[in-house]
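Top line first, the protein sequences correspond to chains W, R and E. Per this note's numbering, the first sequence starts with residue 1, numbered consecutively. Per this note's numbering, the second sequence starts with residue 1001, numbered consecutively. Per this note's numbering, the third sequence starts with residue 2001, numbered consecutively.
By construction, these hints were calculated from the structure, which means they are not laboratory data. It is possible that part of the hints are untrue.
Here are the simulated lysine to aspartate or glutamate pairs, DMTMM-like style, with alpha carbons at most 25 Å apart [to be verified]:
1) E/2180 with E/2205
2) W/215 with E/2157
3) E/2330 with E/2079
4) R/1266 with E/2072
5) W/25 with E/2177
6) R/1059 with W/205
7) E/2122 with W/13
8) R/1266 with E/2185
9) R/1266 with E/2203
10) W/201 with E/2211
11) W/201 with E/2157
12) E/2180 with E/2159
13) E/2164 with W/13
14) E/2180 with W/13
15) R/1059 with W/304
16) W/215 with E/2146
17) R/1266 with E/2211
18) E/2122 with E/2157
19) E/2180 with W/17
20) E/2164 with E/2185
21) W/25 with R/1019
22) R/1266 with E/2101
23) W/201 with E/2146
24) W/201 with E/2245
25) R/1125 with R/1071
Computed far set for chain R versus chain E, every beta-carbon distance over 10 Å [as the list claims (entries may be wrong)]:
26) 1025
27) 1088
28) 1127
29) 1150
30) 1172
31) 1189
32) 1190
33) 1212
34) 1267
35) 1271
36) 1297
37) 1311
Pulled a few chain E residues facing chain W out of the computed Cβ check, cut under 7 Å [what the hints assert, rightly or not]:
38) 2045
39) 2049
40) 2095
Using N, Cα and C, we set each Cβ at its ideal position, and we do this for glycine too.
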Amino acid sequence: MNASSSALPSRWERFRDSYLFYSFKRDMVAQVSLVVFIALVAVAVLAPWLSPMNPYDLAQIDILASELPPFWVEGSDAQYLLGTDAQGRDMLSTILYGARVSLIIGFGAVALQALIGVCFGLLAGYLGGRIDAFLMRLADIQLSFSTLMVAIIVGALVKAIFGGETFSAYAVPLLVLIIGLAEWPQYARTVRASVLAEKNKEYVDAARVMGLRSKRIMFRHVLPNTLSPIFVISTVQIANAIISEAALSFLGLGMPETHPSLGSLIKSGFDYIQSGSWWITLIPGALLVVLVLSINLLGDWLRDVMNPRLYKG
Amino acid sequence: MALLEVTNLDVRFGLRQGEVRALRDVNFTLERSERLGIVGESGAGKSVAAFSLLNLIAKPGFIAGGSINFEGKTLNTMSERGLRKVRGNRISMIFQDPMMTLNPVLSIGEQMVECLKAHRRISGKEARAICLDKLRQVQIPSPETRLDQYPHELSGGMRQRVIIAIALLLDPDIIIADEPTTALDVTIQAEIMALLLELCEQHNVGLILITHDLGVVSQVTQRMLVMYAGRVIEQGPTREIINDPQHPYTQGLINALPQMATPGEKLNQIRGSMPSLSNLPSGCAFHPRCNFINRADGKPRPACTEQVPGFVESGNCRVACHMVAEMIEDRRLKEETS
Amino acid sequence: MTAPAEAKAAHPTPTQNEKSDDSLLQIRGLNKRFSLSGDFLEQLRFKGGKLVRHQEYVHAINGVDLDIKRGEALCVVGESGCGKSTVARMVMGLITPSEGEIRYAGERIDNLSSRQLLPYRKRMQMIFQNPYASLNPRMTIQQTLEEPLRLHHPDWDREKIEQKVEDVMRSVGIDPDWGKRFGHEFSGGQRQRIAIARALAVDPEFIVADEPISALDVSIQAQVLNLLMEAQQERNLTYLFITHDLAVVEHFGTRVAVMYLGTVCEIATTSTLFAKPRHPYTQALLSAIPRLEDDRPQHIRLSGEVPTPVNLPTGCVFHGRCPHANARCKQEIPVLQTQDDGTRVACHAVEEGRL
């Protein structure tokens, strides 16, 4: 605003005075979502220390204690707060570990999408011409495959070539790769659109007149100014990636049951709903909904705040 | 009684930094078929003034006080329904960007007829005839074909002519023109201004012209207001202000024009820039940029930094400046003693 | 489209000894077309049962010749769409000409790669119109000003660069303590000062200023114009100054080139042009400036509007709006002809003595 006052605000003061923080303070939904999201992430990260059992450790599993209901239902065991699943694993521990796996895959896949998508989008938008045409057609082709199809093909190939054992052992990186590859065009398109808008601005011309190389202009000048849409799309994409992973796992194409994610937990409990053991499916299902909802609500808020049409920064 | 009378108009914006006073103590009148210019730089509040006349200020802005009287009716307390009868009909507006007024998906004719029918009960045929007549008045070549064209098919100058035709459609009493020619080229600007002037005189329409261009104001208007940081600082007959500005800011503004300096020499600049409305200096808002805050004896005049100047009469003009007030007072004392 | 051929005939390819004259920048037969038709597939049309390739162009620049002498301020004026900014951007290598040559200090620069251009980037700089868009919003002022120095003086140490940044900030009237702030914290006038500082940081000898004051308020325009004039005196700069504001030209320019629809219609020294405008378009342009003195505008009314540069009129591009046009004007393209006082005018009426 007025640059003549000489005291320079610190980074924290800048943030405190920013529109981002201002609107956050006034938005209850965003605040609650952020608290829920951070709590879920913290619990998932700290799963090895928080959970009463290690669901991966076969030695700790008591097969006789299988299908015990959660504590508020009759016939429960106080040792297992949320009951046990069909194999006798403590549900609480399994869910915590499962959420961890889901989040790792979600964030990992989005990081990969962002890396590919941002680079391709930047190149296509800034250089234009044939590179643009080629990369965007590539994106179109990629989008015409559904995530599921890519997963089925890759999963089948890996299983066929290296065997089911190997697939289970490398399930996490494979899922990151599959979901990452399937959804990069979202990033590429968003980035390309905002690069096209940015590259006609005079500061880019100024950088060219200065004699800077294209690479530097792209990464130092254009990219930082396309970060807002990247942030916004990232929230949606993380939620999407978690859902995709859950869907793949539910179909048996994702995490193996020995190393369950939220999706494979839901699947493993699905067979027991008929026999009355609803908690094996419903509790991880509810957690998945809460997790994705909190991310989506945060994303909505962020989109409203960062929309340059609503607020010019 | 004047056709339009604005008294103590006070407009505020509720922003997150707190309430910002975009306009304060704005007083002016407009007689029938008079042309008034409102001059100021960006952020002076001239557009806010224009918009507030028809109560068109968007949230978070609102009229906090004062009154706008049009033919004895107070516009700022009028219902939205009552206002709609005034807007476009009795008082119409011309904006800087013609595309702001024209709907890109409707043809020129559709928009003009719609505007007519909103205020009058007439048949489509009659409406079309009136539209054609108005388009002819603004000297649009082959108006019959233009009527069926869409805004994007017209050039900038043509669009602005259409806007003027729409503004004149219902034979209003006042046209408020907010920077009507800023987006246009010099030659087109001259034509549009000449046209507007001619039509206003022909139809006895009052004009409130908002602009930053002193040249345009001096050629078109009879009286003018100079605004600075949300206040009127000088008002009076245009020629008198242009030829003999009293307020240091008005003087600075006129002297800063390239035509006022010898070619190749330095221009007479005003130092600094207009303060933001949320952070106004104490006293006279212009004092940090003013060269006259010292008295004749070289000592600073405390009133400039402490007290908001009120208006003093100086000839036919009213000026809000402590220096001018002091000079007038001195002159009066001298006359009394002699 | 005979203008480039004529230009080439009139000015045979400059030889080495042409370096001796005092022009810093020479533009010869410059042409620029922008394609409107998209890529190859979009250009294909069916016509009479046959597939034909159909291309449409915007003829932005049509045979422009300009010389800029060392130490002068050449102003290019014209209305929007006349191609004045396109000329500026071609001089700076931001777009490549379709035809013609641009020579800087005798060397051709229009066909150089960006790497080959690097030494020229230090000698010629540019100031842009919109101070709100010409500063990278994510960079501090310090970073913005350091960047060109780091690029062009890789051997300088940190201290020297910081010293230089401080000097250049002082020279444009910006407090060096504000370096850690971002562009959006400044007013329009201050941002334009910063943009000027960025251009001056590498100590150029030639500056292209593309409407540098038209986005600013009146009182700020005077400040920035004064700053540009100061810089010219102190650093012996040469300016190519693009503007639509004739009042500014009268004050600032050494010589003026008036452009209309991609061609130069008149070049003269500022005083001559304002005292005795020759070309009918220049006359109309001058009469349209809103002056403070006269009460009633007495401007020359031009009929019609500027034609689109897609379908250029035949003959003189101005004939459709010109009050003095005759049959010859509709057919033959006028070329710039030197008058007794050195003014160069492209107009048949002036040539025939009708005007």
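Taking the hints in turn, this is what the structure says about them:
1. With a C-alpha separation of about 28 Å, the suggested pairing of residue 2180 of chain E with residue 2205 of chain E is violated against the 25 Å cut-off.
2. Pair hint residue 215 of chain W plus residue 2157 of chain E holds up; C-alpha atoms about 24 Å apart against a cutoff of 25 Å.
3. Restraint check for residue 2330 of chain E and residue 2079 of chain E: the C-alpha separation of about 22 Å stays at or below 25 Å, so the hint holds.
4. Proposed proximity of residue 1266 of chain R and residue 2072 of chain E is supported: the alpha carbons are some 16 Å apart, at most 25 Å.
5. Distance check on the hinted pair: residue 25 of chain W and residue 2177 of chain E sit about 32 Å apart at the alpha-carbon level, beyond 25 Å; violated.
6. Among the hinted pairs, residue 1059 of chain R with residue 205 of chain W is inconsistent with the structure: their alpha-carbon atoms are about 37 Å apart, more than 25 Å.
7. With a C-alpha separation of about 38 Å, the suggested pair residue 2122 of chain E and residue 13 of chain W falls outside the 25 Å cut-off, and the hint is violated.
8. The hinted pair formed by residue 1266 of chain R and residue 2185 of chain E fails the criterion: a straight-line CA distance of about 28 Å is larger than 25 Å.
9. Of the supplied pair hints, the one linking residue 1266 of chain R and residue 2203 of chain E holds, its CA atoms being roughly 22 Å apart against a limit of 25 Å.
10. Under the criterion of a C-alpha separation no larger than 25 Å, the hint pairing residue 201 of chain W with residue 2211 of chain E is consistent with the structure, at around 15 Å.
11. With a C-alpha separation of about 31 Å, the suggested pairing of residue 201 of chain W with residue 2157 of chain E is violated against the 25 Å cut-off.
12. Distance restraint check for residue 2180 of chain E and residue 2159 of chain E: the Cα-Cα separation of roughly 16 Å lies within the 25 Å cut-off, and the hinted pair is therefore satisfied.
13. Taking the CA atoms of residue 2164 of chain E and residue 13 of chain W, the gap is near 30 Å; set against the 25 Å cutoff, the hint is violated.
14. Simply put, residue 2180 of chain E and residue 13 of chain W have alpha-carbon atoms about 14 Å apart, close enough for the 25 Å limit, and the pair holds.
15. Under the criterion of a C-alpha separation no larger than 25 Å, the hint pairing residue 1059 of chain R with residue 304 of chain W is consistent with the structure, at around 18 Å.
16. Distance hint between residue 215 of chain W and residue 2146 of chain E is fulfilled; the C-alpha atoms sit about 18 Å from each other, no more than 25 Å.
17. For the proposed pair residue 1266 of chain R and residue 2211 of chain E, the alpha carbon gap of about 19 Å is at most 25 Å, so the pair holds.
18. With a C-alpha separation of about 18 Å, the suggested pairing of residue 2122 of chain E with residue 2157 of chain E holds against the 25 Å cut-off.
19. Under the criterion of a C-alpha separation no larger than 25 Å, the hint pairing residue 2180 of chain E with residue 17 of chain W is consistent with the structure, at around 17 Å.
20. Between residue 2164 of chain E and residue 2185 of chain E the CA atoms are separated by roughly 23 Å; this keeps the pair inside 25 Å, and the hint holds.
21. At most 25 Å may separate the alpha-carbon atoms for a hinted pair to count; residue 25 of chain W and residue 1019 of chain R meet this at roughly 19 Å.
22. With a CA separation close to 35 Å, the supplied pair residue 1266 of chain R and residue 2101 of chain E exceeds the 25 Å bound.
23. The straight-line distance between the Cα atoms of residue 201 of chain W and residue 2146 of chain E is roughly 20 Å, inside the 25 Å bound, and the hint therefore holds.
24. The suggested pairing of residue 201 of chain W with residue 2245 of chain E holds, with an alpha-carbon distance near 23 Å, which does not exceed 25 Å.
25. For the hint linking residue 1125 of chain R to residue 1071 of chain R, the alpha-carbon distance of about 32 Å lies beyond 25 Å, and the restraint is violated.
26. At roughly 22 Å, the least C-beta separation between residue 1025 of chain R and chain E is larger than 10 Å, which holds for a residue marked as non-interface.
27. With a minimum CB-CB distance of about 27 Å to chain E, residue 1088 of chain R clears the 10 Å threshold, and the non-interface call stands.
28. Separation of residue 1127 of chain R from chain E is adequate, the least Cβ-Cβ distance of about 27 Å exceeding the 10 Å criterion.
29. Listed as a non-interface residue, residue 1150 of chain R keeps its Cβ farther than 10 Å from every Cβ of chain E; the least gap is roughly 17 Å.
30. Non-interface call for residue 1172 of chain R relative to chain E: holds, since the shortest CB-CB distance, roughly 24 Å, exceeds 10 Å.
31. Non-interface status of residue 1189 of chain R relative to chain E is broken: a Cβ of that chain comes within 10 Å, the nearest being about 7 Å off.
32. The beta carbon of residue 1190 of chain R sits about 4 Å from the closest Cβ of chain E, which is not more than 10 Å, so the claim that it is off the interface is violated.
33. At roughly 6 Å from the closest C-beta of chain E, the C-beta of residue 1212 of chain R falls inside 10 Å, breaking its exclusion from the interface.
34. With a closest Cβ-Cβ approach of about 4 Å to chain E, residue 1267 of chain R is found to fall inside the 10 Å limit, against its non-interface label.
35. The Cβ of residue 1271 of chain R does not lie farther than 10 Å from every Cβ of chain E; its closest approach is about 7 Å, which violates its non-interface assignment.
36. Distance check on residue 1297 of chain R: its Cβ is at least 28 Å (rounded) from any Cβ of chain E, clearing the 10 Å threshold; non-interface status holds.
37. Every CB of chain E is more than 10 Å from the CB of residue 1311 of chain R (nearest about 22 Å), matching its label as outside the interface.
38. The interface hint given for residue 2045 of chain E is broken, as the beta carbon of that residue sits about 20 Å from the closest beta carbon of chain W, more than 7 Å.
39. At its closest, the beta carbon of residue 2049 of chain E sits 29 Å from a beta carbon of chain W; the interface hint therefore is violated under the 7 Å criterion.
40. Checking residue 2095 of chain E against chain W: minimum C-beta separation of about 10 Å lies over 7 Å; hint violated.
The structure fails to meet hints 1, 5, 6, 7, 8, 11, 13, 22, 25, 31, 32, 33, 34, 35, 38, 39, 40 from the earlier list, while all remaining hints are met.
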